[in-house]
Amino acid sequence: MNITDTMLSAFLDAELAEAEMEQVRSALAEDEHLADHLAELAMVDQLVRDTYAPIEQLPIPELALSPAAPTGATAQIIALPLWRRASRALQRPMAAAAAVALAIGLVINIERGENGAADGSWEQVAASLETGRSGIRQQLADGSEVLPQLSFVNHDGEYCRQFYRAGGGSAAQGIACRDADGWQLRNSVPVQPLTTADSYQTATAHNVLEQLLDDMIASGPLDADGEAAAIASQWQPVP
Amino acid sequence: MQEEIVKLAPAVRRFAYSLTGSTHDADDLLQSTVERVLRSPAPEGVELAKWMFRICRNLWVDEYRSRKVRLNAAADPELQESQIVDGERAICGEITIRQVDAAMRQLPDDQRSILSLVALEGLSYKEVASTLDIPAGTVMSRLSRARAALSKILNLNATGVNA
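Chains as they are written, first to last, in my numbering: chain A, 4 to 242; chain B, -16 to 146.
Hints in this document: simulated from the structure, not taken from any laboratory.
As the structure is a computational prediction, the values presented were derived from the model and not from experiment.
Take the hints with a grain of salt, since some may be wrong.
Unchecked claim - Quick list of the computed label-pair ranges, beta carbon to beta carbon:
| # | chain 1 | residue 1 | chain 2 | residue 2 | range |
| --- | --- | --- | --- | --- | --- |
| 1 | B | THR121 | A | GLN142 | 54 to 64 Å |
| 2 | B | GLY105 | A | ALA38 | 20 to 30 Å |
| 3 | B | GLU30 | A | ALA183 | 45 to 55 Å |
Ideal placement from N, C-alpha and C gives every residue a C-beta, glycine not left out.
Kindly produce the complete structure, drawing on both the sequences and the hints.
Right under this line is the structure:
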């Protein structure tokens, strides 16, 4: 009887029919090499356990357990990854900027004051958000750079924008919404400063940001015409 | 459901860790899995545990695996994090965590998932089959190939057996 690797592997898990289990047992009794091979396969499992089980020693992170997404027809839209929706809804230059930003996740901590404002130069950022088109970089007086990436309407009917900001060796990605008093920074995603070496870590930020957008966004991102109209209306809330 | 999710979190994170090889990514993947399961609860007749494993596996394939090539090219910087968990100690003779994780990275997605679910999570073939929505026979053959490949990569097998 030829005992295959597949049989031996399944024997290890006691997943063979009893007759086959017995065949393997007999073969193992006669064939020393086969017994060695079984031990090697068993060793693989042990190594996998020894490698990955130690994570149990670390405390479980605090989990966000409140379901946030709406149900029904909208949920269908929201379930789509944002970058895909963005690519579909936006005109090309904007889509490229938004998709690239989301995929690479250029998300670095915004230095926020107690009131949630970015810092002293928030007015300049706000001014860029007020008039700047998505996908077009703007240089601020302090030498930093703002790139509005995406505009959308939140559940309160306010216009909101996702933007990227870089300067002084750091960068940030945030979301701000326009109320009667002007642009208010709603959130930023704190991650370690991006370097080439740790660029692999950016998926966290990507996920957090996508979740945030999914929670806030009422429908898809504005297309170029919609954004232009919103800028022209000075971002008057959508009735 | 929230209580049950919290109860399942350690197992899902262990699985996530075996898929990503990074404690940071494992926590991240766990949180994404929890978010997804809250938005899309298990269909009727599907156990929550299996549903979470499936979501976790799918999210890993969709969102993490794309970074695999880059990681391999970058000399596996994430493996540094394994050492936080377990130091650099050899776990079996000369074989280190780093080597096992590097070997796991070489497996096709499904082989890696299946091996983790069986060896680490203790699932039966039937449970793996319903978790990943594949036939039990496929579980059996892929698992066998995963074990054989890992054994070969880690140079465990001095003797050959008919495949």
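Hints versus structure:
1. Take THR121(B) and GLN142(A): their Cβ atoms lie about 57 Å apart, and the range 54 to 64 Å holds.
2. Take GLY105(B) and ALA38(A): their Cβ atoms lie about 24 Å apart, and the range 20 to 30 Å holds.
3. For GLU30(B) and ALA183(A), the hinted distance range of 45 to 55 Å is satisfied, since their beta carbons lie about 50 Å from each other.
Violation of the numbered hints given earlier is absent; every hint is satisfied by the structure.
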